[in-house]
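Chemist: Given next are the chains, with one letter for each unit.
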Amino acid sequence: MAILNTREILDTIRMIEVENLDIRTITMGISLLHCACEDMVKLCDNVYDTVCTRAERLVAVGREIEEQFGIPIVNKRVSVTPIALIAGGTKAEDYTPLALALDRAAKTLGIDFIGGFSALVHKGATKSDQVLINSIPEALACTDFVCSSVNVGSTRAGINMDAVALMGETIKRAALLTAKRDGIGAAKLVAFCNAVEDNPFMAGAFHGVGEADCVINVGVSGPGVVKSALARKQNEPFDVVAETIKKTAFRVTRMGQLVAREASKRLGVPFGIVDLSLAPTPAVGDSVAHILTEMGLEYAGAPGSTAALALLNDAVKKGGVMASGHVGGLSGAFIPVSEDAGMIEAAEIGALTLEKLEAMTCVCSVGLDMIALPGDTPASTIAGILADEAAIGMINNKTTAVRLIPAPGKVAGDSVEFGGLLGRAPIMPVNKYSCAEFIKRGGRIPAPIHSLRN
Amino acid sequence: MNKAVLTVLAKDRVGIIALVSTRLSQLDVNILDITQTVMDEDVFVMLMLVDINLSKASFHDVQENLRKLGEENGISIRLQREEIFDAMHKI
Chain Z
1 MAILNTREIL DTIRMIEVEN LDIRTITMGI SLLHCACEDM VKLCDNVYDT
51 VCTRAERLVA VGREIEEQFG IPIVNKRVSV TPIALIAGGT KAEDYTPLAL
101 ALDRAAKTLG IDFIGGFSAL VHKGATKSDQ VLINSIPEAL ACTDFVCSSV
151 NVGSTRAGIN MDAVALMGET IKRAALLTAK RDGIGAAKLV AFCNAVEDNP
201 FMAGAFHGVG EADCVINVGV SGPGVVKSAL ARKQNEPFDV VAETIKKTAF
251 RVTRMGQLVA REASKRLGVP FGIVDLSLAP TPAVGDSVAH ILTEMGLEYA
301 GAPGSTAALA LLNDAVKKGG VMASGHVGGL SGAFIPVSED AGMIEAAEIG
351 ALTLEKLEAM TCVCSVGLDM IALPGDTPAS TIAGILADEA AIGMINNKTT
401 AVRLIPAPGK VAGDSVEFGG LLGRAPIMPV NKYSCAEFIK RGGRIPAPIH
451 SLRN
Chain A
455 MNKAVLTVLA KDRVGIIALV STRLSQLDVN ILDITQTVMD EDVFVMLMLV
505 DINLSKASFH DVQENLRKLG EENGISIRLQ REEIFDAMHK I
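Those protein sequence lines, which keep their order, are chains Z and A.
Position 423 of the first sequence, counted from 1, bears residue number 423 in the numbering used here, the numbering being contiguous throughout.
Basically the numbering used here = 1-based index in the second sequence + 454.
Rather than coming from a laboratory, the hints here were simulated on the basis of the structure.
Glycine included, every Cβ here is placed at the ideal spot set by N, Cα and C.
Heads up, a few of these hints could be off.
[Stated by the list, open to error] Stretches of chain Z that chain A covers, calculated by requiring three or more beta carbons in the stretch to come under 8 Å of a beta carbon on chain A:
id, segment
1, 5-14
2, 69-83
3, 251-261
[Claimed, not checked] Here are the simulated DSS-like pairs of lysine-lysine, each with C-alpha atoms no more than 30 Å apart in a straight line:
id, chain 1, residue 1, chain 2, residue 2
4, Z, LYS233, A, LYS544
5, Z, LYS317, Z, LYS233
6, Z, LYS246, A, LYS544
7, A, LYS544, Z, LYS247
8, Z, LYS317, A, LYS465
9, Z, LYS247, A, LYS457
10, Z, LYS247, Z, LYS180
11, Z, LYS265, A, LYS457
12, Z, LYS317, Z, LYS265
Make a model of the complete structure from these sequences and hints.
Modeler: Shown next, in the form of structure tokens:
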């Protein structure tokens, strides 16, 4: 016999209604490996049909779960096999038609994003990988929902510096082709080191080759809940802070696990993972930066920020791991500057710099995410920033990513507005000294040694 | 059994329990447990554990019906599957 526990029920309702607890995304991973063929038109049809058939009920089931459990599910998304892996047989010189097919599928299904216009080139690029990367700017400019990612390095393979240099150019061109919309193309493009195969978050989601035909991955979002829990622990030592975050993360993740299990059952698709990242949204009260300020920092970016973030993320993982059967994805702190009200504020007043953001990636942040740069930032500088991030990921055995937007025509101090979940970003100043000669060298940075650690 | 938690929040006044339970009875929704209190002098809070298995209406229709009842009477009525509360608070 179940017994009503008033406090627990009201706690849950408060978290959802007041503290913005929600499921950030249900992402269905779909394998397209069987679609490969030699004819581009046929391939596009195969891709469109596979995605539309597999994910036919994704949005409806998502809505049903939202309604019955009373928990908002902000996005329903699809990730697919990296397109470079299935398109080589066509011998095409441009993969934009495939991006258009994915975009059409997204529109038919009514999903929010589709990811996987991707290539994995951490050691070397095939002809197909090169064609894909060259197609990215145009593909992102002429589609609405397609997201693209490229893996340029890994702990085991080192960093492919040719790919890094190429990505610098590609990011720049993706922004230029969407200049009228402040370079939004670059906001849908991410470059990784150590990319994961089961990431439910965009823009970096793709369905890895080690995955089954179809799988459900879930990402939760609960910075507001953590902040409110900490607000009730003023002046307590860090032991209490860590314990509080752990307990809160447990609850948030249990919610994600429940939704993942239900979605998996109702769609008849295996459950993959719950991603333990505290994804923020631009909404007030849903900010990771505000968790840091709640811990006692004046602004995110102040000295102490890296330590605060390390504690936060470790506690989130400790709490979350027990709450879910399978944890995976990125499971790091998400601090996309444009998507987090507290980060925007800190960047605007100058408390938060690019260098501090980079330092934060060393402990747990996933990378330099959604950072708008001056439009005249050279491609080589973007590549240099990417190389630095990739090096952090490579050496520390973790995923790092870069999603930079060199906003055409904008200078430091301006701001860009992308709307929706992508939010608003202040243009951050960039170190103006050149790394062009460094990037020009090309080749590979060898994989690091894993003994003699320091 | 198809259990759900019904939450009613309102400014306290006469007849809220009657209003909600009458509608539940019309919908063939069985009440398994009730707890009710008034917080901060005038905030009416009622939680019910209900079983909607007997109801001919679907979960969606019961939910919509109650939401409209709430809207018409200026109170908030929420119906959620029980599992969400179990998931969050029980190990």
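Chemist: Does each hint fit the structure? Answer for all of them.
Modeler: So, going through the hints one by one against the coordinates:
1. 5-14: Check passed, 8 qualifying residues.
2. 69-83: holds (count 3)
3. 251-261: holds (count 5)
4. Z:LYS233 to A:LYS544: holds, 23 Å
5. Z:LYS317 to Z:LYS233: Holds: LYS317 of chain Z and LYS233 of chain Z sit about 20 Å apart, inside 30 Å.
6. Z:LYS246 to A:LYS544: holds, 15 Å
7. A:LYS544 to Z:LYS247: Measuring from Cα to Cα gives roughly 12 Å; hence the hint holds.
8. Z:LYS317 to A:LYS465: violated, 40 Å
9. Z:LYS247 to A:LYS457: holds, 26 Å
10. Z:LYS247 to Z:LYS180: Violated, at about 45 Å.
11. Z:LYS265 to A:LYS457: holds, 18 Å
12. Z:LYS317 to Z:LYS265: The given pair, whose Cα atoms are some 25 Å apart, holds under the 30 Å limit.
In summary, the structure is inconsistent with hints 8, 10 from the numbered list given earlier, while agreeing with the others.
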